[in-house]
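Residues in the sequence shown are numbered consecutively from 16, following the working numbering.
Check before you lean on any hint, since a few could be wrong.
Stated by the list, open to error - No farther apart than 27 Å at their CA atoms in a straight line, the calculated lysine-lysine pairs in the DSS-like style are these:
{"hint": "1", "residue 1": "190", "residue 2": "58"}
{"hint": "2", "residue 1": "131", "residue 2": "190"}
{"hint": "3", "residue 1": "178", "residue 2": "131"}
{"hint": "4", "residue 1": "131", "residue 2": "58"}
{"hint": "5", "residue 1": "178", "residue 2": "58"}
{"hint": "6", "residue 1": "118", "residue 2": "132"}
{"hint": "7", "residue 1": "41", "residue 2": "61"}
{"hint": "8", "residue 1": "61", "residue 2": "178"}
{"hint": "9", "residue 1": "61", "residue 2": "118"}
{"hint": "10", "residue 1": "41", "residue 2": "58"}
{"hint": "11", "residue 1": "132", "residue 2": "58"}
{"hint": "12", "residue 1": "131", "residue 2": "174"}
{"hint": "13", "residue 1": "41", "residue 2": "174"}
{"hint": "14", "residue 1": "61", "residue 2": "132"}
{"hint": "15", "residue 1": "131", "residue 2": "118"}
{"hint": "16", "residue 1": "58", "residue 2": "174"}
{"hint": "17", "residue 1": "190", "residue 2": "174"}
{"hint": "18", "residue 1": "131", "residue 2": "61"}
{"hint": "19", "residue 1": "41", "residue 2": "131"}
{"hint": "20", "residue 1": "178", "residue 2": "190"}
Claimed, not checked - Okay, the calculated beta carbon distance ranges per label pair:
{"hint": "21", "residue 1": "60", "residue 2": "120", "range": "37 to 47 Å"}
{"hint": "22", "residue 1": "50", "residue 2": "191", "range": "15 to 25 Å"}
{"hint": "23", "residue 1": "87", "residue 2": "187", "range": "15 to 25 Å"}
{"hint": "24", "residue 1": "185", "residue 2": "39", "range": "33 to 43 Å"}
Just so you know, the hints here were simulated from the structure itself, not pulled from any lab data. Every value quoted in this text rests on a predicted model; they were computed, and no experiment measured them. The C-beta atom is built at its ideal place from N, Cα and C for all residues, glycine as well.
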Amino acid sequence: NDMKKSLTTFNNNNNNNNHPQIEQIKVSLTGLPTEMYLNFVIKNIKQPIENIIVQVEMADNTWVSYNTTYETYTVPSRWWEPHGWIGYVYTANTIVNLIPGNKYNYRIISNNNNNKKIINNRTNLSFQVPSHRNNNNNNIQTNIALWGDMGTYAPLGFKVFEKIYNDYISSSSTKFNITILFGDISYA
16 NDMKKSLTTF NNNNNNNNHP QIEQIKVSLT GLPTEMYLNF VIKNIKQPIE NIIVQVEMAD
76 NTWVSYNTTY ETYTVPSRWW EPHGWIGYVY TANTIVNLIP GNKYNYRIIS NNNNNKKIIN
136 NRTNLSFQVP SHRNNNNNNI QTNIALWGDM GTYAPLGFKV FEKIYNDYIS SSSTKFNITI
196 LFGDISYA
């Protein structure tokens, strides 16, 4: 409980326009039903932010921290991004000990000099681990959204994702359990 109390006192001042922008958050399967990968891009910073961690709220309401590594990511100047940009792709260590079917909240934190600060500019971040069987030990239906080759027809991959997301949150839409991104993702 002390850990949970201390984590709730973070500075969460995300209204600053100069604040790092976290984009392209991707949560993906590892092949094991108790694990997930998580990565994201931070742009609008001159150099990488060291000591970024991803914290996941586990089923017992405790927060578990996962260290990240990063690589530089360069987007060249294009008509839709006239000035290009340089950002950093952060990848969290594999998130483990998950329970299939459970929903998990997470947050992205800068942990410099024990001055913990939530840096994600999005709220209510969560993912759900897919269930592989129902209580009767029968297979359950899995709905999949496929998308790819955004560079061929519509070189604005983020618009493709926006459409998929809007379909997902629509009350009339069949909810999908997983998305598969394939093909030309250079414009995503």
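For each hint, the structure was consulted:
no.	hint	in the structure
1	190 <-> 58	violated (31 Å)
2	131 <-> 190	violated (35 Å)
3	178 <-> 131	violated (34 Å)
4	131 <-> 58	holds (20 Å)
5	178 <-> 58	holds (23 Å)
6	118 <-> 132	holds (23 Å)
7	41 <-> 61	holds (23 Å)
8	61 <-> 178	violated (31 Å)
9	61 <-> 118	violated (35 Å)
10	41 <-> 58	holds (15 Å)
11	132 <-> 58	holds (17 Å)
12	131 <-> 174	violated (33 Å)
13	41 <-> 174	holds (16 Å)
14	61 <-> 132	holds (19 Å)
15	131 <-> 118	holds (24 Å)
16	58 <-> 174	holds (18 Å)
17	190 <-> 174	holds (19 Å)
18	131 <-> 61	holds (20 Å)
19	41 <-> 131	holds (23 Å)
20	178 <-> 190	holds (14 Å)
21	60 <-> 120: 37 to 47 Å	violated (25 Å)
22	50 <-> 191: 15 to 25 Å	holds (20 Å)
23	87 <-> 187: 15 to 25 Å	violated (42 Å)
24	185 <-> 39: 33 to 43 Å	violated (22 Å)
The structure fails hints 1, 2, 3, 8, 9, 12, 21, 23, 24 (numbered hints given earlier, in ascending order).
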